[in-house]
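Chains as they are written, first to last, in our numbering: chain A, 1 to 547; chain B, 1 to 547.
Some clues are possibly wrong.
Copies of the same chain look alike in the list, so a pair counts if it works inside one copy or between any two.
[To be verified] List of simulated lysine-lysine pairs, DSS-like, C-alpha gap at most 27 Å: (1) Lys-3 to Lys-461; (2) Lys-507 to Lys-284; (3) Lys-387 to Lys-366; (4) Lys-152 to Lys-247; (5) Lys-161 to Lys-284; (6) Lys-28 to Lys-387; (7) Lys-366 to Lys-343; (8) Lys-247 to Lys-387; (9) Lys-161 to Lys-246; (10) Lys-394 to Lys-366; (11) Lys-16 to Lys-31; (12) Lys-409 to Lys-152; (13) Lys-507 to Lys-3; (14) Lys-99 to Lys-22; (15) Lys-16 to Lys-348; (16) Lys-547 to Lys-95; (17) Lys-285 to Lys-547; (18) Lys-246 to Lys-3; (19) Lys-387 to Lys-63; (20) Lys-354 to Lys-457; (21) Lys-31 to Lys-285; (22) Lys-102 to Lys-152; (23) Lys-3 to Lys-538.
Since the hints were made in silico from the structure, they are not lab data.
On a predicted model such as this, the values are computed, not experimentally measured, just so you know.
Number of protein chains: 2
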Amino acid sequence: MAKSALQIARAAYQPKLPKAFKGGVALKEGKATESVANQAEIKELFPNTYGMPVVTFEEAAAKLSMGDFNVGVILSGGQAPGGHNVISGLFDGIKSMNKNGKLYGFLGGPSGLIDHQYMEITDKVTDAKTQIDINEYRNTGGFDIIGSGRTKLEETAQFDKGIEICNKLGIKALVIIGGDDSNTNACVLAEYYLQKKTGIQVIGCPKTIDGDLKNSQIETSFGFDTACKVYSEVIGNIMRDANSAKKYWHFIKLMGRSASHIALECALQTQPNICIVSEEVEQKKMTLSQIVNSIADAVAARAAQGNNFGVVLIPEGLIEFIPEMNVLIKELNDLLAVESDVKAAVAKLSANSKSVYESLPEAIAKQLTLERDPHGNVQVSLIETEKLLIEMVKTRLAAMKAEGKYVGKFSGLGHFFGYEGRCAAPSNFDADYCYSLGYNAANLIASGKSGYMSLIKNTTKSSDQWIAAGVPITMMMNMEKRHGAMKPVIRKALVELDGAPFKELEKNRAEWAINTCFVYPGPIQYFGPSEVCDLPTKTLALEQAAK
Amino acid sequence: MAKSALQIARAAYQPKLPKAFKGGVALKEGKATESVANQAEIKELFPNTYGMPVVTFEEAAAKLSMGDFNVGVILSGGQAPGGHNVISGLFDGIKSMNKNGKLYGFLGGPSGLIDHQYMEITDKVTDAKTQIDINEYRNTGGFDIIGSGRTKLEETAQFDKGIEICNKLGIKALVIIGGDDSNTNACVLAEYYLQKKTGIQVIGCPKTIDGDLKNSQIETSFGFDTACKVYSEVIGNIMRDANSAKKYWHFIKLMGRSASHIALECALQTQPNICIVSEEVEQKKMTLSQIVNSIADAVAARAAQGNNFGVVLIPEGLIEFIPEMNVLIKELNDLLAVESDVKAAVAKLSANSKSVYESLPEAIAKQLTLERDPHGNVQVSLIETEKLLIEMVKTRLAAMKAEGKYVGKFSGLGHFFGYEGRCAAPSNFDADYCYSLGYNAANLIASGKSGYMSLIKNTTKSSDQWIAAGVPITMMMNMEKRHGAMKPVIRKALVELDGAPFKELEKNRAEWAINTCFVYPGPIQYFGPSEVCDLPTKTLALEQAAK
């Protein structure tokens with residue numbers, strides 16, 4: 001396949017590893033652990049994987065050795081920059097301990113394990129039909145090496161199909177690279193394989209650009225760094241354009257359905273006039289008109305200074321975090337399930353929902369009622385929140401103008417960024433971090449661990465100070481209601497309003513709203529000075545500094 | 001103002017200059033020139049600026065000297081990466097010849113000259129209200145240093161207002177940085193100032209990301225390189241996502257109303273499945289359904305191989321290049337001017353236009369009839385061509401499925417990139433090229449030239465082989481009909497179907513359509529190996545190689 005000049009140059013990059021992996025290594029075990037909540041329930045569900053110690057790798061005289069077996073790897077869920085480096089770190093880690101150990105990649109996500117679709121990942125391809133050259137994928141973005149998928153590993157029938165193929169291929173360990181749900185399922189699988197005494201270990205790796213897989217153990221999920229830097233690059237470019245043309249308000253929606261970490265991080269990197277944080281909207285029970293009015297007020301205040309331009313960041317999931325919109329959507333789902341006539345359904349809305357519905361621009365109201373999924377539900381992800389807000393701010397400003405409270409011109413442009421960042425080539429941070437996660441996973445396997453997540457800590461320091469660790473996945477679990485039933489899950493990390501990143505936004509946003517404080521981060525650099533190329537995200541730096 | 005790490009590091013970059021400007025320099029004059037067409041008319045309109053020779057600067061013993069006067073600079077039209085470097089090159093060029101020479105920037109585009117709005121550009125700010133620090137803007141994107149505007153310099157009353165302020169500020173030369181129209185107007189201004197014996201010289205600089213300001217003299221306009229690289233970065237990222245998720249067709253619209261150079265260049269950099277070129281559509285008189293069907297055929301062919309994903313590039317101006325759409329829009333403009341009822345107007349469309357209108361998805365048909373500008377005209381720029389094509393391809397595929405000609409899933413996602421690239425920090429190429437254009441403009445001024453465009457040639461070679469030149473703007477002119485009257489203008493360079501860049505697309509597109517040949521260029525690099533950082537555009541490389 002044809003390659004860009006950057007791909008060719010970047011292939012030669014040797015990702016950095018924690019010091020522990022530079023020579024020999026020894027495993028150090030900590031104390032027994034407990035889950036973050038619901039200890040009794042979790043312990044009962046995970047008798048074999050509960051309570052295990054946190055482990056760390058330390059420098060020692062000799063390398064670990066690995067039994068003569070093979071390893072399988074699975075990519076699960078949405079793409080995140082660095083997935084290929086987890087796999088190349090895993091590959092190199094295995095080979096460093098066992099030259100004969102093979103790495104198999106299951107194709108298209110967890111379904112590859114169930115359906116027995118796989119390829120060997122190697123650096124010596126002799127048959128392109130069954131083998132993939134790992135060297136083609138080092139330091140590249142994307143999950144195209146083996147593909148990903150959203151099949152959930154939840155049923156014992158699936159687990160048993162996994163045993164079949166592992167036995168056939170001599171696989172004694174699986175590495176599952178995924179988000180919170182995939183890591184929860186990795187632990188369920190580990191538990192099952194231990195109960196069944198299959199001898200198959202399972203290790204998880206923390207992936208997601210959304211940044212919502214983090215806790216006292218996980219400092220950051222991989223991909224968040226790169227994705228936020230790509231979004232901040234284009235946001236910064238749009239800001240410079242806004243500040244040059246001085247005639248548009250850009251409303252930029254950013255990927256991230258359930259958490260606003262991406263929007264918040266991009267705001268800290270670029271200093272927009274406004275950044276909406278869904279978690280704040282929900283917690284303060286803000287209404288749609290409160291949000292619209294606060295934007296309109298900023299537009300008017302800037303217009304009063306002659307600045308008819310600005311930038312607003314909007315998290316993708318906002319709509320569902322606005323309590324009254326959430327109620328409206330639920331009512332519509334219920335009504336439209338039994339009533340095909342939209343007008344009749346709307347007539348039956350509660351008084352408050354009806355008034356919210358009637359405040360919506362026509363095109364958005366249509367999206368709410370006409371575009372339903374096969375189950376008859378409103379397709380919230382199709383709602384163009386950025387256009388909704390532009391229309392409503394326009395209407396609000398017209399009213400303010402009539403009242404003499406606004407003098408200016410308002411012209412809004414909408415953008416949505418998501419797919420631009422999920423498969424970018426990993427930043428130095430993600431390249432090193434992911435490679436280390438994979439290399440570390442190989443060492444956890446060699447140490448006989450299962451039900452562990454591969455973790456790297458101390459990530460705001462230079463990589464030789466990074467700590468390679470393994471944390472029992474059960475330690476991060478609690479019980480939550482999912483589809484009506486209580487399930488053990490890793491708690492999703494939403495933006496905390498008393499956390500350092502949000503406080504940083506809160507401290508500055510009044511000034512950013514009125515003045516033009518834009519910062520232009522520019523594109524990710526791979527070769528330049530360290531202070532440019534190796535910066536962690538503001539979120540990570542602030543959170544670690546606050547510890 | 002707060003700065004990103006990259007901005008701080010990049011500020012120290014010293015842009016490269018042609019060898020001629022490293023030491024002393026001498027002006028070499030060529031033969032008398034003629035305009036590219038309509039010689040008699042152009043000569044009559046430009047008695048003082050017609051027929052002047054092309055000039056080049058060559059290495060010599062001594063530097064040029066500059067009289068003790070000041071210079072003014074104007075940014076005109078849409079933003080393009082590198083504008084700040086033209087100004088910093090101009091500033092350094094002036095100072096290298098006359099330490100006392102001041103540079104004034106007129107604010108907000110040509111209107112700043114007319115309305116006498118200006119700031120001094122200096123490296124020693126003593127009064128922030130009247131002075132701008134040039135060092136804050138070196139190697140940065142945007143036009144925010146002095147702002148830009150779209151006021152056209154066409155009337156003698158405007159020119160006279162310019163004389164007033166130039167006399168007041170001791171300005172003996174103006175540099176106008178703009179596209180084809182702005183450079184035409186720069187020449188009209190130069191001619192007027194010569195006729196009036198004002199002693200004010202006027203020099204133009206070739207700017208536009210659209211790439212349509214080029215000819216036998218101009219190799220490329222500045223900003224095209226950087227903008228196309230930014231768009232190619234995000235297109236490549238989306239491609240890698242498409243190839244990883246394997247479930248979406250991405251329809252990506254790219255800025256460029258009148259020419260498809262941007263879409264074509266991005267296609268050559270990234271190898272999408274399909275790239276539509278407006279000029280081909282117009283020349284081959286393609287219909288909307290031909291375009292839709294050809295996309296649907298590629299979708300079906302890829303689906304037959306199990307690939308339900310792909311990428312389509314669409315030039316922003318496409319709609320107006322489809323002959324039947326152009327006719328429809330004209331008919332609607334005429335009908336809606338006298339008929340406010342949309343249905344009644346549609347009923348009066350010609351048979352062919354009516355059938356085209358009826359083939360459009362409802363939302364697009366609405367945009368065509370409801371969203372009109374203050375003159376009652378259809379707002380073509382608001383038409384979401386990417387969504388139009390997705391909807392129509394979906395409809396076509398449903399028909400093909402019914403006929404048994406298509407088996408697969410089609411899910412389309414639309415994107416529009418434009419504002420992301422216009423103000424990006426200039427690539428090394430644009431940083432060097434723009435700085436050289438500005439430095440060269442100072443030397444043209446010192447040589448007493450007026451009605452010239454500052455040009456750098458031999459741009460695919462390393463910068464020490466670049467040739468610094470001045471070309472009479474009249475040489476690039478012909479007469480064209482504008483708003484009903486014949487006007488002298490610089491001919492706009494559209495994509496030529498027998499040009500090397502288009503031929504390269506043509507040679508490869510059958511393969512790119514069916515197979516996945518994506519290339520992932522990644523972000524612009526400023527510090528890495530030269531083969532990564534200093535690549536010219538494919539368009540420029542192919543065109544120069546073909547010469």
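For Lys-161 and Lys-246, with the copy left unspecified, which applies at a CA distance of at most 27 Å: within, between, both, or neither?
between (60 Å within a copy, 25 Å between copies)
Intra- versus inter-copy proximity for Lys-152 and Lys-102 (alpha-carbon distance at most 27 Å)
Within. Shortest intra-copy distance 25 Å satisfies the 27 Å Cα cut-off; inter-copy 68 Å does not.
At most 27 Å between C-alpha atoms: does Lys-31 with Lys-285 qualify within a copy, between copies, both, or neither?
Answer is neither: 42 Å inside a copy and 76 Å across each miss the 27 Å cutoff.
Identical-chain pair category, Lys-161 with Lys-284, by Cα at 27 Å:
neither (47 Å within a copy, 56 Å between copies)
When no copy is specified for Lys-28 and Lys-387, does a C-alpha distance of 27 Å or less occur within a copy, between copies, both, or neither?
neither (54 Å within a copy, 57 Å between copies)
Is the C-alpha distance from Lys-3 to Lys-538 at most 27 Å within one copy, between copies, in both cases, or in neither?
between (32 Å within a copy, 14 Å between copies)
One pair to classify: Lys-387 and Lys-366, alpha carbons no more than 27 Å apart. Within, between, both, or neither?
both (13 Å within a copy, 17 Å between copies)
At most 27 Å between alpha carbons: which applies to Lys-507 and Lys-284, within, between, both or neither?
Within one copy only: 17 Å inside a chain, 59 Å across chains, cut-off 27 Å.
Is it within, between, both, or neither for Lys-387 and Lys-63, if the alpha carbons may be no more than 27 Å apart?
For Lys-387 and Lys-63, neither the intra-copy (57 Å) nor the inter-copy (57 Å) Cα distance is at most 27 Å.
First find the shortest C-alpha distance between Lys-152 and Lys-247 inside one copy, then the shortest across copies, and answer within, between, both or neither for a cut-off of 27 Å.
Between copies only: 18 Å across, 47 Å inside.
Within, between, both or neither: Lys-16, Lys-348 at alpha-carbon 27 Å:
Neither, since 61 Å and 70 Å both go past 27 Å.
Homomeric proximity label, Lys-547 with Lys-95: Cα distance no greater than 27 Å
Neither: 37 Å inside a copy, 52 Å across copies.
The structure does not agree with the numbered hints 5, 6, 11, 15, 16, 17, 19, 20 and 21 stated previously, though it agrees with the rest.
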